[in-house]
Structure formats: structure tokens, C-alpha cells
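Student: Respectively, the protein sequence lines represent chains A and B.
Counted the way the numbering used here counts, the first sequence spans residues 1 to 362.
Counted the way the numbering used here counts, the second sequence spans residues 1 to 362.
Please note: incorrect hints may appear among the correct ones.
[Said to hold, decoys possible] Reference excerpt, derived from the structure (chain A facing chain B, CB under 8 Å, subset only):
no., residue
1, Asp58
2, Gly82
3, Gln110
4, Leu114
5, Ile271
6, Ile278
7, Phe282
8, Val283
9, Asp285
10, Phe289
11, Val292
12, Met293
13, Glu344
None of these hints come from the bench; they were simulated from the model.
Using N, Cα and C, we set each Cβ at its ideal position, and we do this for glycine too.
There are 2 protein chains.
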Amino acid sequence: MKLPDFKVEQWMNDYENEAVYNLTDTCVKPLVFSELMAMADENALMDLRLDYGTITGDSQLKKEILSLYKTGSEENITLMQGCLQANESLMYTLLEAGDTVIAYEPGYQQFTDLPKSFGCHVIILKLYEENGWQPDLNELEEAMKNDIKMIIINQPSNPTGVFFSEEYIEKMIELARKQSTWILSDEVYRGLYDEPSISDIYEKGISTSSLSKVFSLAGLRLGWIKGPEEVIHLINVRRDYSIISTGPLADMLACAALQNKEQILSRSRKIIEANRSIVSQFVKDHPQFHIVMPQYGTVGFLGYEADIDDTMLARQLLADEGVFFVPGSCFGSEKHMRIGFTCETETMIKGLTKLAAYLERK
Amino acid sequence: MKLPDFKVEQWMNDYENEAVYNLTDTCVKPLVFSELMAMADENALMDLRLDYGTITGDSQLKKEILSLYKTGSEENITLMQGCLQANESLMYTLLEAGDTVIAYEPGYQQFTDLPKSFGCHVIILKLYEENGWQPDLNELEEAMKNDIKMIIINQPSNPTGVFFSEEYIEKMIELARKQSTWILSDEVYRGLYDEPSISDIYEKGISTSSLSKVFSLAGLRLGWIKGPEEVIHLINVRRDYSIISTGPLADMLACAALQNKEQILSRSRKIIEANRSIVSQFVKDHPQFHIVMPQYGTVGFLGYEADIDDTMLARQLLADEGVFFVPGSCFGSEKHMRIGFTCETETMIKGLTKLAAYLERK
């Protein structure tokens with residue numbers, strides 16, 4: 001089943017190591033192992049048997065994950081090796097060739113190209129900055145005249161950082177309910193501010209997430225699915241063909257991290273809020289830039305006015321100034337840069353200053 | 001894409017925790033974390049940044065993996081979260097709906113049911129104990145009259161432990177070469193005795209493996225693919241849609257384990273050889289049992305003569321005596337038990353004694 005290159009991931013893989021000022025990273029400054037060890041029960045860790053562990057995920061870890069939601073029990077949770085894999089597993093499990101799904105653009109390429117790769121039809125609803133990247137309800141109503149198996153959203157979104165409005169989501173649920181449509185919500189950027197989850201408000205809503213972004217622990221490769229029991233059961237059948245378990249080491253360390261989540265999240269909030277302020281001020285001071293400043297998550301979509309295309313600009317900026325962005329074209333939207341509010345504030349200030357000076361010289 | 005229950009995995013999940021005498025486990029007695037830590041560079045581990053790490057896998061780890069093979073360079077290796085995922089990713093990447101593949105029975109269910117789930121046709125070649133579980137060359141020649149995209153083998157096999165003969169593999173390669181057929185060889189049980197790998201002897205041969213079985217480290221969820229560069233490239237495109245990376249923590253610990261592989265493997269050999277002797281003697285002493293004693297790997301397929309079906313027997317043995325096996329029916333072959341040579345010898349002796357006594361009372 002053929003897949004095109006995943007543009008944003010390939011861009012990161014190809015260029016990230018050259019970055020001096022990485023202004024595009026989606027993960028809040030990663031923890032180092034000793035910081036995580038300080039949260040764990042060292043004796044229990046040292047005695048841990050490195051077998052498959054509990055196949056669907058450690059029970060204590062599931063309880064900690066449930067504390068991030070308003071509803072549900074352990075039967076509504078299963079563990080995955082990252083959010084991306086959670087999404088993949090759900091698409092392979094719930095979709096068949098010939099099914100139609102709805103996704104949004106600019107957005108994350110997995111949501112459109114993975115279902116296409118095995119024969120699904122994908123209706124793409126376009127988002128526009130002039131609408132604050134909020135979707136158009138009429139377009140959704142029109143699309144829902146088709147037989148829709150799944151709607152895929154990303155709350156908050158990569159790359160825009162925007163959270164679809166409560167009214168829109170309510171209306172979406174109403175339309176979805178009429179034809180038993182799944183809503184898969186990738187909520188990997190959720191968690192900083194107790195944002196709503198689709199799995200708490202719609203009986204066919206499925207939330208996916210991980211420890212990679214706001215929890216600063218991409219290195220654990222630990223994600224999960226929260227959804228209806230019937231979905232969790234199907235995923236647990238599929239896991240025997242694909243991953244078996246996430247393993248007891250990742251489970252135990254993830255559990256320790258979530259038991260200390262306030263410590264991790266307050267660190268993340270501090271980093272992100274400082275960077276958001278810097279970017280807000282930057283946009284005020286430099287009228288050729290514009291952004292819909294997100295309330296949630298770790299990323300935003302910085303637009304610019306200049307006669308240079310975003311891929312070219314991103315390449316030149318990196319080569320000439322060491323400033324690293326992912327260009328908007330990787331997400332289906334030109335003349336934008338995906339900005340991550342995750343780096344050291346010093347890096348953000350220097351990088352933006354260089355960006356502005358560079359564009360002025362153009 | 002619908003999948004049936006994975007019989008052996010479901011059986012393990014449902015019953016394993018009730019086992020007093022687990023005679024069926026495929027993983028050599030798992031290491032505990034402190035044993036692994038003793039092999040690692042503690043300072044480097046403590047300082048490890050828990051980001052995504054090197055996306056296709058740590059370079060030093062790839063070098064250590066290459067030491068398990070006779071040919072190849074880093075470009076022929078990519079990391080996966082276990083061997084099962086390596087197989088899954090290869091099937092999704094190299095096969096399309098409508099393709100035909102060849103697999104063997106008794107065998108591992110993933111090789112037949114995963115390709116079927118997305119529309120492949122699977123030709124199953126049957127193996128018989130009276131032939132020492134070796135395949136029939138005429139049947140392969142007959143099957144290869146079709147347009148075959150991939151042959152899937154398991155060297156050594158789960159459940160039989162048998163390694164297909166050198167002559168058969170040579171002939172298979174000759175037939176495969178004529179129509180550019182991939183040979184995917186799941187070699188997760190390889191490694192104890194430097195057995196040959198398909199990736200060293202056929203230019204379209206792909207070897208998958210992991211640290212789960214002979215390396216006693218299932219808990220790391222660390223596997224790999226060794227194959228032609230074009231395949232590794234395609235897998236690395238797909239990984240952006242599914243797992244991104246295995247993560248720097250698993251990579252670093254896996255590297256430490258492989259740097260100490262002789263220590264781990266000699267421990268494994270000792271456990272397995274002791275259990276093989278016990279089972280050989282048991283079969284000699286109890287004529288109602290028979291086995292093709294494998295040379296390699298961690299498992300074998302113990303047959304019995306009695307008027308009770310294997311699923312029933314396995315259930316009753318567990319309930320009445322605490323003796324745990326996976327019944328042969330989970331692999332498509334009745335009146336057999338999958339036996340693992342991996343447990344404490346005491347457990348093996350007691351479990352087999354109880355099995356024999358139980359069957360005598362029947």
C-alpha cells in the first residue's frame with residue numbers, strides 16, 4: 001500500500017540537525033532520563049522483569065491516563081507506542097477500502113494520506129486564516145450529505161494550534177450521530193489547560209494522545225487511545241498482529257511521569273507562555289507577519305507577506321542564518337511557517353530577530 | 001480492515017496468568033532492569049534526552065545488529081518496535097490488495113491473516129510431522145506457477161522450532177529470483193547458534209528480528225528489519241505515518257544488551273539446552289508423546305496420542321494441574337502442544353510429569 005513521503009516529518013529528518021535556532025519543534029524541551037528517574041520508584045524499576053508486561057497496558061498507568069479526562073474507566077483505554085500509531089491503528093481497524101472520511105487542511109498529513117493509501121475516499125475541508133482557521137459549518141453540512149465513516153480532527157491542531165469552537169464541535173456531533181460516524185480526535189497537543197476531549201462528549205468519539213508533546217517525553221514512545229469499549233476491544237485484537245504491548249519499562253516510567261504531571265505541565269506552561277508572549281510582541285512589531293495566536297497546544301502558524309515562497313524561505317533561512325522552520329506547504333498552506341512555542345526564550349528571540357531582518361533584506 | 005482473533009496471543013492473554021507451570025513461553029527467562037543497567041553506561045543513560053532520538057534508529061545500535069549477520073551495512077537496517085511490527089510494516093509496504101503470498105501451516109497466524117485482511121490471496125503450504133515438519137519442494141514449485149509477490153517463512157519456526165533445510169531454501173531462492181519474489185523471513189528465534197539469515201543469501205531476502213526471544217528482552221519492544229536498501233527506504237517513509245522512531249531509551253539499552261550479547265546468549269543457551277534434554281528424555285520415557293526436536297530457537301511442537309482434543313486438554317491441564325501450554329490448534333495443527341524450552345528446569349520437569357500423569361488417567 002503506497003504512501004507518499006510525509007512532508008513535515010521528512011523535512012524535520014532532513015534538516016533538523018542543521019538548526020542553530022530551532023523555532024519549529026512541537027515537543028516541549030524534552031526531559032532527560034535522570035529527571036524522569038527522580039520521579040520513579042527506583043527499587044521497583046530495578047526489579048522490573050523485562051517481559052511483555054500487561055498486554056493492553058499497565059492498570060495503574062491507565063488510571064493515571066483517565067485522570068486527564070472527565071469520563072471513562074480502564075476498559076476505555078488501551079496503550080499504543082505514540083499517538084501516531086494510535087491513529088494508524090484506529091484507521092486500519094475502523095475503516096475499509098471504499099469508506100469516506102472527512103479531514104481538514106492545513107492539517108497533519110497522516111489524516112488524509114493514510115486512509116487514501118488503502119482505498120478510502122477523503123473529503124478535505126479547507127481552513128482559512130481570515131476565519132481564524134475555524135472551519136465553515138455549511139461545508140461540513142454539505143460534506144455530511146455523503147455516507148461518512150469517520151471525521152478526523154486535531155484538537156488543538158498541528159500546524160495552526162487552533163481548537164475548533166465548541167459550537168462547531170456540538171454541531172459536528174449532531175450530524176455525526178445521525179449516521180453513526182466516528183469522530184477521531186488527535187489530542188496529542190491537549191493537556192496543558194484541561195481542554196475538552198471528544199471522548200468525554202460523544203459516544204462514538206475517540207481521543208488519541210501521548211506523552212510526546214506537552215509532557216516532554218517523546219523518548220518513551222508512549223501513547224494511548226480513549227474510546228468506546230467496542231473500539232478498544234477491536235484495537236486489542238489488532239495489537240496482537242502489530243505491537244503486542246508497549247512494554248513494562250515504558251509503562252512504569254510513563255506512570256511515574258503522570259503521577260508527577262503537575263510538575264511537568266507547569267514547566268511546559270511556563271516555557272510555552274513565555275514564547276507565546278515573544279511571538280505576540282514580534283507580530284505587533286513587524287506588520288509583515290501575522291498569526292492567529294492559539295490558546296492551547298505547543299504550535300502556531302506564522303504567516304508572512306513577502307514575494308518568496310515558504311519552502312524556499314525556510315531553506316535559505318536555515319542555510320544562511322541557522323533558523324529552522326517547517327514551511328506551511330508541508331501542511332497544505334503556503335506563505336506560513338509552523339512555529340513551536342517550545343524552545344528556550346533566548347533562542348526564540350534571536351531566531352525571530354534573524355527572520356525579520358532576513359525578510360527585510362528580500 | 002477486519003482481523004480475526006489472533007489465537008495464540010489471545011490464548012496467552014487469557015490464560016497465562018493462571019499458569020503455575022508455564023511450559024509454553026517463547027522468551028528465554030526475561031532479564032530484570034538492574035541486570036540490563038549493569039551492562040549500560042549509567043552516566044550516558046542519566047544524561048539521555050528523551051526526544052525522538054535518531055528517527056531510523058541509533059547508528060551504534062545498527063552496527064551491533066549488523067554483527068549478527070554476515071553481510072550488509074547500516075543502510076540495510078531500520079529499527080522497529082518488535083519483530084511483529086517489522087513484519088506488519090513490511091506487509092503493508094510491499095503488498096497490495098490482489099497480490100498472492102505463500103505461507104506455511106502450522107505457522108504463525110500473522111503471516112496468513114494480516115495479508116488476507118487487506119485483500120491478498122494466501123497460498124498455504126502444509127507441513128507434516130512425518131516429514132520432520134520440512135516442506136515439500138514439489139508443492140512449492142506448484143505454488144510458484146502463480147504470480148507470487150512474497151514468500152513468508154519463519155526460521156526457526158514458531159511453533160515447530162524447525163529450520164527449513166538449506167537445499168529447500170536454495171531452491172526457494174532460485175524459484176523466487178525468476179519472478180522477483182520477496183522472501184520475508186521472520187528470524188525472531190534466530191541468534192543462539194549463528195544460523196543462516198535469508199538477508200545474507202538472497203538479494204530480495206528480508207530478515208526481521210528483535211530482542212524479545214533469545215535475548216530475553218521483550219520488555220524493550222525493540223526489533224529491526226535487515227533488507228535491501230530500497231525496502232529500508234520504503235519502510236522509513238512508512239514509519240513517518242506510524243511509529244516515527246523506537247526512541248533513544250530503547251535504542252541505548254538495546255545497544256548495551258547487544259554489546260554484551262555473548263553473556264546473554266550463553267545464559268540463554270544453557271537454559272534452552274537443559275530443557276531440550278529434559279524434553280528428549282521425557283519423550284523417550286513416554287511413548288505416547290513425540291516431538292521433532294529442534295536444533296535452534298526456543299520452541300518445539302510436542303505431539304501426543306490420546307483421545308482428547310488439544311484445546312480441551314490444554315484447558316483442563318491448566319485448570320486441574322496449573323500446567324500451561326498453547327494448544328496446536330492455535331497454529332493450525334491438532335493434538336500438539338507448543339512447548340517453550342525457556343523456563344526453569346524444575347518447572348519443566350514438574351510440568352511434564354504432571355502432563356504425563358494426567359494423560360495416563362484419561
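Student: Next, verify each hint and record whether it holds.
Tutor: So, going through the hints one by one against the coordinates:
no., hint, result
1, Asp58, "12 Å, violated"
2, Gly82, "6 Å, holds"
3, Gln110, "5 Å, holds"
4, Leu114, "5 Å, holds"
5, Ile271, "15 Å, violated"
6, Ile278, "22 Å, violated"
7, Phe282, "26 Å, violated"
8, Val283, "28 Å, violated"
9, Asp285, "31 Å, violated"
10, Phe289, "28 Å, violated"
11, Val292, "27 Å, violated"
12, Met293, "26 Å, violated"
13, Glu344, "14 Å, violated"
This entry does not satisfy hints 1, 5, 6, 7, 8, 9, 10, 11, 12 and 13, going by the numbered hints stated previously.
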